[in-house]
Amino acid sequence: MHIISDKNQIMEENNNTHSPNDPEKSKASTRRNFLKNLGLAGVGVATGAAALYSGHIFEAKKEATGESKVLLTQDGKLVSVDSLEIKSHEKTGEDLRESQSREGIPGRRWVMVTDLSKCRNARKCINACQDAHQLRPEQYHMNTLQMQDTPNTAPYNMPKNCQHCDNPPCVAVCPVDATYKRPDGIVLIENDRCIGCRFCMAACPYSARIFNWLEPKDAAAHQGQDYNAELNVPQKLGTISKCLFSADRLREGKLPYCVEACPNGVYYFGDENEDAVTNGTTKETVRLSKLLRDNGGYQLMPELGTKPRVYYLPPKNRLFPFEEAKDATPEKV
Amino acid sequence: MTMDDNNLTFDKITSDLTHHIRINKGFLIWMGVLTAALATCLYAYSLQLRTGLGVAGIRDYVTWGLYLSNFVFFVAASLIGMLVSAVLGLAGMKWITPITRIAETIAVAFAAVAGLVIVSDMGRPERLAYVFIYGRPQSPILWDVTVIITYFVLSLLLLYLPLIADMAIIHRKVDKLPSWLKVIYKSLSLNFTDNPAQNKVISRSIRILLILLVPAALSIHTVTSWLFAVTSRAGWDSTIFGPYFVSGAFVAGSAAVIIAMFFFRKNYRLENYLTESHFDKMGKVLATVSMVYLYFNINEYLVPGYKLQRADAIHLAELFTGKDALRFWLVQIGGLILPILLLLFGYFRKPLPILVISIAVLVAAWFKRYLIVIPTQEHPFLPIQHVPHNFMVYSPTLIESMITIAPFIMVLMIITLISKFFPVIPLHETAVEKGVEHIKFE
Chain Y
1 MHIISDKNQI MEENNNTHSP NDPEKSKAST RRNFLKNLGL AGVGVATGAA ALYSGHIFEA
61 KKEATGESKV LLTQDGKLVS VDSLEIKSHE KTGEDLRESQ SREGIPGRRW VMVTDLSKCR
121 NARKCINACQ DAHQLRPEQY HMNTLQMQDT PNTAPYNMPK NCQHCDNPPC VAVCPVDATY
181 KRPDGIVLIE NDRCIGCRFC MAACPYSARI FNWLEPKDAA AHQGQDYNAE LNVPQKLGTI
241 SKCLFSADRL REGKLPYCVE ACPNGVYYFG DENEDAVTNG TTKETVRLSK LLRDNGGYQL
301 MPELGTKPRV YYLPPKNRLF PFEEAKDATP EKV
Chain X
1 MTMDDNNLTF DKITSDLTHH IRINKGFLIW MGVLTAALAT CLYAYSLQLR TGLGVAGIRD
61 YVTWGLYLSN FVFFVAASLI GMLVSAVLGL AGMKWITPIT RIAETIAVAF AAVAGLVIVS
121 DMGRPERLAY VFIYGRPQSP ILWDVTVIIT YFVLSLLLLY LPLIADMAII HRKVDKLPSW
181 LKVIYKSLSL NFTDNPAQNK VISRSIRILL ILLVPAALSI HTVTSWLFAV TSRAGWDSTI
241 FGPYFVSGAF VAGSAAVIIA MFFFRKNYRL ENYLTESHFD KMGKVLATVS MVYLYFNINE
301 YLVPGYKLQR ADAIHLAELF TGKDALRFWL VQIGGLILPI LLLLFGYFRK PLPILVISIA
361 VLVAAWFKRY LIVIPTQEHP FLPIQHVPHN FMVYSPTLIE SMITIAPFIM VLMIITLISK
421 FFPVIPLHET AVEKGVEHIK FE
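Listed in order, the protein sequences are those of chains Y and X. Take 1 as the starting number for the first sequence in my numbering and just add one per residue. Take 1 as the starting number for the second sequence in my numbering and just add one per residue.
To be clear, the hints were calculated from the coordinates, so they are not data collected in a lab. These numbers come from a predicted model, not from an experiment. For glycine and all other residues, C-beta sits at the position ideal for the given N, C-alpha and C. You may find that some hints are simply not true.
Said to hold, decoys possible - Calculated pairs, DSSO-like style, for lysine-lysine (alpha carbon to alpha carbon, straight line, at most 27 angstroms):
#1 307/Y - 182/X
#2 284/X - 173/X
#3 182/X - 420/X
#4 307/Y - 254/Y
#5 94/X - 284/X
#6 323/X - 332/Y
#7 173/X - 323/X
#8 281/X - 350/X
#9 326/Y - 323/X
Unchecked claim - According to the in silico footprint, chain X covers these stretches of chain Y (three or more CB under 8 angstroms from chain X):
#10 143-151
#11 216-227
#12 264-275
#13 282-296
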């Protein structure tokens, strides 16, 4: 408003400087009037436009309800957003898979119990695992070792996979966050990220990690396949691989490949939060705490402070005699 | 002051220290041979890029092999810049003046190439940038990258700053140089005219660099040792790995400097500048750092050897009497104990005997890194079973050996280029120290 009044004032001043009776000046006056009118028209247009614009802003404001909701963003900030502006965001395809593989399965704390008294080194778990993860015969996510702790104690078979430590040395040393610990307890690998420095292999006291030194098995056949971190396939040259607790199977509500494949009831798998584990062979579900308590459950090298999520039941009253295992792997790879 | 010193003029010093700066046949042949050798090794690397790290002998258990032990060796050798320039220099040792540039050249060459050595050990070298994009500060690799870059930059500056005055002298005083070379020297000299203000800035900057160099150098090798010491493996799980590696680095670096001194003295006729007394003093330095290293070696082997915890016992048995015993004892006796004993006698600190000793020490220093890195991995906590034989016992392949040799060729090339185009011995500093009449900068 004050712009218009200023303009009027200036125009008034202009009028006062000239006498209206002067004929010479009367022409000029007409011209001045014209200019004055033009000026007024201009002001009018500007005012109209301003009014229209502010009206538009007002309309836009009216669209929202003014009712704000407080939301938590992905990076953990609280923000207030108008309720009408909120749209549900659905992740699809690769995005979904990527965020799922980092976030894990909500509310779960996966745990495995391996009963050494039942293992006769049938190696069915190993085969199922290698099939699922596109591994060569000498590449193990799960390997059965023939153990003898001291010269005078009995030998036994010990299936050994990634212990999915709660204090994982491998995750600590990874320079690029390619291997990570999920809230549901699983340690995963993202082989799109891995730079192949192998520091994680050096750091792992359980020798649980393997490396794709050469082109992975049937690489040509799996080319172009979407990468799934929960299955870690397709395997990629120059990157790490290891046991994933079959995270893809757990998402479908199924037991891991090895657990399901065991013919001898060696494996129990379940959720620590529920205090329940299911035997992969008998499908019997038992209390985790009771199973560990009654059978003297223990962990591998707990003195290292790695806090494994795999428990072992000692190899007493073994169901099978110990036999030296024959190697099926080639002499040199 | 010797007779020589009395007869020295500024022109004589300039000509003595710069007469080698010319492109001659010998230089071209030498660089030609190095280039051809490097090309062959790079071809080997191209095979690795195409086929994968599997062309090397490393496998799932011995996952760090020659490349990584070579990396440790390169970082170690680069540490000598700190010992000579910073430690001895800041302590006020005047005799190191003619050696400082040799030490800095070696430091720059090894530090620059160390970065490439570690890239050759990556399964996915094309993802190198991920270390900067996704870098996690809790990984010692990030610390290593940071301190190596820092140390390299500091060493490069420390090599360059004393060269400013030398460049100013050379482009004015030395004739018979190709004009393009003179242009380079002139621009590198940054219009240095030897006025007090410029000298003050330079000497102050050098002093700051020398002080910064000490923590940077300590960090690079300490952090490199932590790549091993942060794991719980027998042979690596040690709290003294930092000082153990640093003292070992000084041994390797001192030996490298003595070798370089010998060849520069002979090839560039620097007998009046790199005197027998310099070899004698460097011999005492080498003996001293070797004794410190021996002390850490005793700690590193005797303490676990006394307790013989299971994993340590297996590891030590393999070193002392097992598969690695020959290498181990050659390194410990031939590369450490014997050199210390010999260097106690003046005769063995003369140029030729100390050259032989230094070569033995340097070769042993390389094998020492091999012995630190590899045997530990052949004996993890859990047995190695159901895998091919070459997974259980590490043996380097030909391609791997060639890729391991490549960085040495690069270091030789860098040292050759720097020493060929710049005075090996600081020209300006030598003139100032000898108190000879000075060039007039117009």
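query = Per the coverage rule (Cβ-Cβ under 8 angstroms, at least three residues), is the region 282-296 of chain Y covered by chain X?
reply = As far as the region 282-296 of chain Y goes, the hint is violated, because 0 residues have Cβ atoms under 8 angstroms from chain X.
Stated coverage of the region 264-275 of chain Y by chain X [criterion: 3+ residues, CB within 8 angstroms] = violated (count 0)
message = Can you confirm whether the C-alpha distance between residue 307/Y and residue 254/Y stays at or below 27 angstroms?
response = Holds, at roughly 25 angstroms.
ask   = Given the hint that residue 281/X pairs with residue 350/X, does the C-alpha gap stay at or below 27 angstroms?
value = Holds, because 10 angstroms separates the two Cα atoms, which is no more than 27 angstroms.
inquiry  = Against the 27 angstroms threshold, does the CA-CA distance of residue 307/Y and residue 182/X hold or violate the hint?
reply    = 66 angstroms, violated
ask   = Under the criterion that the straight-line Cα-Cα distance not exceed 27 angstroms, is the pair residue 173/X, residue 323/X satisfied?
value = Cα-Cα ~60 angstroms, so violated.
ask   = Are residue 284/X and residue 173/X close enough, with their CA atoms no more than 27 angstroms apart?
value = 37 angstroms, violated
request  = Measure nothing beyond the straight line between the CA atoms of residue 323/X and residue 332/Y; if it is 27 angstroms or shorter, mark the hint as holding.
outcome  = 20 angstroms, holds
ask   = Okay, the region 143-151 of chain Y and chain X, do three or more residues pass the C-beta test at under 8 angstroms?
value = holds (count 5)
Coverage of the region 216-227 of chain Y by chain X (three or more Cβ within 8 angstroms) = Since 0 is below three, the answer is violated.
request  = Sort out whether residue 323/X lies within 27 angstroms of residue 326/Y, counting only the CA atoms.
outcome  = 25 angstroms, holds
query = Between residue 94/X and residue 284/X, is the straight-line Cα distance small enough, at 27 angstroms or below?
reply = Holds. Residue 94/X to residue 284/X sits at ~15 angstroms (cutoff 27 angstroms).
Checked against the numbered hints above, the structure violates hints 1, 2, 7, 11, 12 and 13; every other hint is satisfied.
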